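So you can see what is in the structure, the chains are spelled out below.
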Amino acid sequence: MMELIEAESGRLLAAITKLLGEKGIVTEDELVSRQALTDAANPGQGARMVARAWLDADYRALMLRDGAAAAEAMGIPMRGLPPLGVLENDAETHHLVVCTLCSCYPRAVLGYPPFWFKSAAYRARAVRDPRGMLGEWGTIVPDSVKLRVVDSTADYRWMVLPLRPAGTEGWDEAQLAAIVRDGDMIGVTVPGV
Amino acid sequence: MDDLEVPRAQHDMGGVSKFMCDPVDTDTHALTDFDRRVDALRQLLGAKQVMSVDELRRGIEAIPEATYHQLSYYQRWIRSIADNLLVRGVISADELRAALEAA
Amino acid sequence: MLQPGTPVQVKLDWPETRGPCHIRTPHYLRGRMGVVERHLGDFPNPEDLAFARPAARLPLYHVRFDQPALWGEGYAGDAIVVELYESWLEAR
Numbered sequence: 001m002m003e004l005i006e007a008e009s010g011r012l013l014a015a016i017t018k019l020l021g022e023k024g025i026v027t028e029d030e031l032v033s034r035q036a037l038t039d040a041a042n043p044g045q046g047a048r049m050v051a052r053a054w055l056d057a058d059y060r061a062l063m064l065r066d067g068a069a070a071a072e073a074m075g076i077p078m079r080g081l082p083p084l085g086v087l088e089n090d091a092e093t094h095h096l097v098v099c100t101l102c103s104c105y106p107r108a109v110l111g112y113p114p115f116w117f118k119s120a121a122y123r124a125r126a127v128r129d130p131r132g133m134l135g136e137w138g139t140i141v142p143d144s145v146k147l148r149v150v151d152s153t154a155d156y157r158w159m160v161l162p163l164r165p166a167g168t169e170g171w172d173e174a175q176l177a178a179i180v181r182d183g184d185m186i187g188v189t190v191p192g193v
Numbered sequence: 194m195d196d197l198e199v200p201r202a203q204h205d206m207g208g209v210s211k212f213m214c215d216p217v218d219t220d221t222h223a224l225t226d227f228d229r230r231v232d233a234l235r236q237l238l239g240a241k242q243v244m245s246v247d248e249l250r251r252g253i254e255a256i257p258e259a260t261y262h263q264l265s266y267y268q269r270w271i272r273s274i275a276d277n278l279l280v281r282g283v284i285s286a287d288e289l290r291a292a293l294e295a296a
Numbered sequence: 297m298l299q300p301g302t303p304v305q306v307k308l309d310w311p312e313t314r315g316p317c318h319i320r321t322p323h324y325l326r327g328r329m330g331v332v333e334r335h336l337g338d339f340p341n342p343e344d345l346a347f348a349r350p351a352a353r354l355p356l357y358h359v360r361f362d363q364p365a366l367w368g369e370g371y372a373g374d375a376i377v378v379e380l381y382e383s384w385l386e387a388r
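Residue numbers (our numbering), protein chains in the order written: chain Y, 1 to 193; chain P, 194 to 296; chain L, 297 to 388.
In case anyone wonders, no lab produced these hints; they're calculated from the structure.
Quick caveat, the model's predicted, so the values are computed rather than measured.
Note that the Cβ used here is the ideal one computed from N, Cα and C, for glycine as well.
Please note that a few of the clues may not be correct.
Claimed, not checked - Below, a list of computed lysine-lysine pairs in the DSS-like style, where the Cα atoms sit at most 27 Å apart: (1) P/K241 with Y/K146; (2) Y/K118 with Y/K146; (3) P/K211 with L/K307; (4) P/K211 with Y/K23; (5) P/K241 with Y/K23; (6) P/K241 with Y/K18.
Unchecked claim - Stretch by stretch, here's where chain P covers chain Y in the computed footprint (C-beta under 8 Å, at least three residues): (7) 24-30; (8) 48-60; (9) 112-119; (10) 151-161; (11) 166-173.
Claimed, not checked - Among the chain L residues that face chain Y by a calculated CB cut under 7 Å, a handful are: (12) V304; (13) L308; (14) E312; (15) C317; (16) R320; (17) P322; (18) G373; (19) A375; (20) E382; (21) L385.
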């Protein structure tokens with residue numbers, strides 16, 4: 001059996017999908033439509049949640065209390081998906097999300113995880129030298145700010161609610177959402193104008 | 194930097210010395226068609242309760258360390274999926290062998 | 297049920313030495329002291345799900361660890377917060 005699973009990956013995928021199709025377990029149509037659905041998820045969804053939270057105190061409270069409900073309120077389907085935890089940055093606290101054991105990522109609201117999030121370097125350094133590692137993005141967390149590194153080991157998926165940057169007074173939701181990137185919602189960067 | 198001297202599984206990477214001096218590749222790496230298709234397959238197997246995400250992880254963790262780092266992220270996934278489907282009897286070794294020869 | 301604020305010690309156990317397993321308690325926390333922040337809910341034990349075995353529901357907690365204390369280096373006040381199952385925690 002060992003040598004079978006060592007087959008070249010493309011051939012392995014083709015062989016498996018063929019067998020599963022023949023057995024009626026997974027069809028080609030299902031694969032295509034699931035792929036399309038997954039491709040549609042993107043960080044803009046999380047960005048809209050952040051922007052709304054910056055403008056609407058009740059929505060912010062919902063997001064912190066029940067991330068999945070807050071996502072659903074923005075039209076992001078969450079039924080059957082892992083619980084979503086939202087980590088609120090403030091003037092004294094900066095959050096950083098990692099999965100040292102694999103690559104657990106808030107995919108429902110941010111889309112596919114970026115390459116760096118899945119890398120050995122990120123998974124190793126985020127818990128042991130987070131401030132040094134953030135330098136890879138040019139991000140400096142001041143000494144007056146405490147870092148909370150959240151290692152996603154179980155059923156929750158985590159996203160960061162970053163601080164609203166100065167210089168955005170009077171901006172509407174769309175303008176605010178446009179400056180929030182995937183890295184901001186993981187904690188490797190902060191939004192700025 | 195020293196490692197904690199403990200019987201750590203190879204995928205359990207928090208703070209592990211050999212990665213601590215590695216730069217983080219912060220570039221965007223686009224997913225390939227292969228990547229997206231494997232991802233969709235995994236989700237469908239989970240939704241249909243054929244293979245859970247926990248089983249996927251177990252299968253990835255069982256990959257020998259050297260191979261783990263040679264395979265791409267989704268190459269690890271398809272190997273784990275194959276392993277789990279065989280172990281669970283969803284597909285047989287003979288079926289897979291035949292399908293591989295035809296692929 | 298462990299209450300918020302309870303000091304806990306992560307079990308110093310290495311199932312990895314006893315055969316195939318799937319453990320979601322990172323190696324760097326085994327035997328270390330932390331504080332329960334909150335109960336996140338009850339979830340089926342992944343150690344069993346990974347082998348398609350019937351899985352008991354276990355309480356899952358967010359537990360905070362002093363980051364410099366884990367590594368002997370770092371910034372005072374920095375923390376690592378990790379989801380841990382009750383089966384891995386002992387109240388102290």
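Hints, verified against the model:
1. P/K241 with Y/K146: At roughly 43 Å apart (the allowed maximum being 27 Å), Y/K146 and P/K241 break the hint.
2. Y/K118 with Y/K146: 24 Å, holds
3. P/K211 with L/K307: Since the Cα atoms of P/K211 and L/K307 sit roughly 26 Å apart, the hinted pair holds (cutoff 27 Å).
4. P/K211 with Y/K23: The given pair, whose Cα atoms are some 44 Å apart, is violated under the 27 Å limit.
5. P/K241 with Y/K23: 13 Å, holds
6. P/K241 with Y/K18: At roughly 17 Å apart (the allowed maximum being 27 Å), Y/K18 and P/K241 satisfy the hint.
7. 24-30: holds (count 3)
8. 48-60: Since three or more residues must qualify, the claim that chain P covers the stretch 48-60 of chain Y is violated, with 0 doing so at under 8 Å.
9. 112-119: The restraint on the stretch 112-119 of chain Y holds, since 6 of its residues have a Cβ under 8 Å from chain P and three suffice.
10. 151-161: Since 1 is below three, the answer is violated.
11. 166-173: Result for this restraint: violated, n = 0.
12. V304: 15 Å, violated
13. L308: 17 Å, violated
14. E312: 13 Å, violated
15. C317: Constraint on L/C317 not satisfied, violated at 13 Å.
16. R320: 5 Å, holds
17. P322: Holds: closest Cβ of chain Y sits about 6 Å from L/P322, inside 7 Å.
18. G373: Holds. Min distance 4 Å.
19. A375: 5 Å, holds
20. E382: 11 Å, violated
21. L385: Check failed: Cβ of L/L385 comes no nearer than 13 Å to chain Y, outside 7 Å.
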